[in-house]
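In case you want the letters, here they are:
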Amino acid sequence: MKIKLSGIYVDDQQKALDFYTKILGFKKSQDIPVGEFRWLSVVSPEGNDTELSLEPNVNPIAKTYQEGLFEQGIPCNAFEVDDLEAEFKRLSDLGVKFTTEPTNAGDVSLAVFVDTCGNLIQIYQHNG
Amino acid sequence: MLTKNQLIRLCSARDQLRRAGDEEVSIDEVARSVAISRFHFVRQFKAVFGETPVQFRTRMRLEHAKHLLIHSDDSITDICMAVGFSSLGSFSALFSKRFGRSPSVYREELKSSDEELAPDCMTLMRGGWERESQISRSTTASE
Numbered sequence: 000m001k002i003k004l005s006g007i008y009v010d011d012q013q014k015a016l017d018f019y020t021k022i023l024g025f026k027k028s029q030d031i032p033v034g035e036f037r038w039l040s041v042v043s044p045e046g047n048d049t050e051l052s053l054e055p056n057v058n059p060i061a062k063t064y065q066e067g068l069f070e071q072g073i074p075c076n077a078f079e080v081d082d083l084e085a086e087f088k089r090l091s092d093l094g095v096k097f098t099t100e101p102t103n104a105g106d107v108s109l110a111v112f113v114d115t116c117g118n119l120i121q122i123y124q125h126n127g
Numbered sequence: 000m001l002t003k004n005q006l007i008r009l010c011s012a013r014d015q016l017r018r019a020g021d022e023e024v025s026i027d028e029v030a031r032s033v034a035i036s037r038f039h040f041v042r043q044f045k046a047v048f049g050e051t052p053v054q055f056r057t058r059m060r061l062e063h064a065k066h067l068l069i070h071s072d073d074s075i076t077d078i079c080m081a082v083g084f085s086s087l088g089s090f091s092a093l094f095s096k097r098f099g100r101s102p103s104v105y106r107e108e109l110k111s112s113d114e115e116l117a118p119d120c121m122t123l124m125r126g127g128w129e130r131e132s133q134i135s136r137s138t139t140a141s142e
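So the protein lines, in turn, are chains A and B.
Residues 0 to 127, numbered by numbering that gives the first Met the number 0, are exactly what the first sequence covers, in order.
Residues 0 to 142, numbered by numbering that gives the first Met the number 0, are exactly what the second sequence covers, in order.
Keep in mind the hints are simulated off the structure, nothing from the lab.
Small disclaimer: the values here were computed from a predicted structure and weren't measured.
The reader is advised that the hints may include incorrect statements.
[Said to hold, decoys possible] Quick partial rundown of chain A residues pointing at chain B, CB under 10 Å, derived from the structure:
#, residue
1, Asp11
2, Thr115
3, Gly117
The beta-carbon is built from N, C-alpha and C at its ideal position, and this holds for glycine as well.
Here chain A stands alone, though its shape is the one from the complex:
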């Protein structure tokens, strides 16, 4: 068994695709129309083939869950980076809002930003 697919809820799939590709730098993988929605996923350009699906939060339960996490300041997913400070600066320069600036948390350093689609995302770097 392998972890090859993970997903996050987004409030607008096109807005999410723009943010996850143009700002974060992921590549579009699957984009298949399904009724009024899309089976939409992105992958890291760095060779990891795990897909992240950008799922519409039209299900009221999904929306409640997503908004609850957001309002409590809890990230819904985490991505690893090689250089946290550099990524923090790059994203800040692109106008991304952080709720937690780079912070040493022992084995890892982490920061948290808003993805403009209703989520907080954590990025982290292994220390040492």
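Place chain B on chain A using the hints.
Relative to chain A, chain B alone:
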């Protein structure tokens, strides 16, 4: 840096805009209620939610229209007015631009299909694969 307090105030503003939906609540009023100047409110809202307060409100109105198109028999004009638009032309144009079909076509398609209205990941994946295999079958058949 966005503080927890700012985040909560912006969420509260978003909820007000969503609740107000069909009524004409001014952006100034919402900004004032969360104690942020209009200028900073619009900028912060866009940075956090990826769209301006006006764009967000329009999107919510169109989503409400979608719901009414499926779950009521009201006319398109009545729905247009009910969700806060004053012009049927601009309502139809915005709806078509956003959802790729006019309100009447949307209603016809959704009412005549058994499509899931609130899909989850696996529903989308299944639909996507079925669609892909149909395309693949039709491509193979035409070769």
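Check each numbered hint against the structure and report the violated ones by number, ascending. No numbers; nothing is violated.
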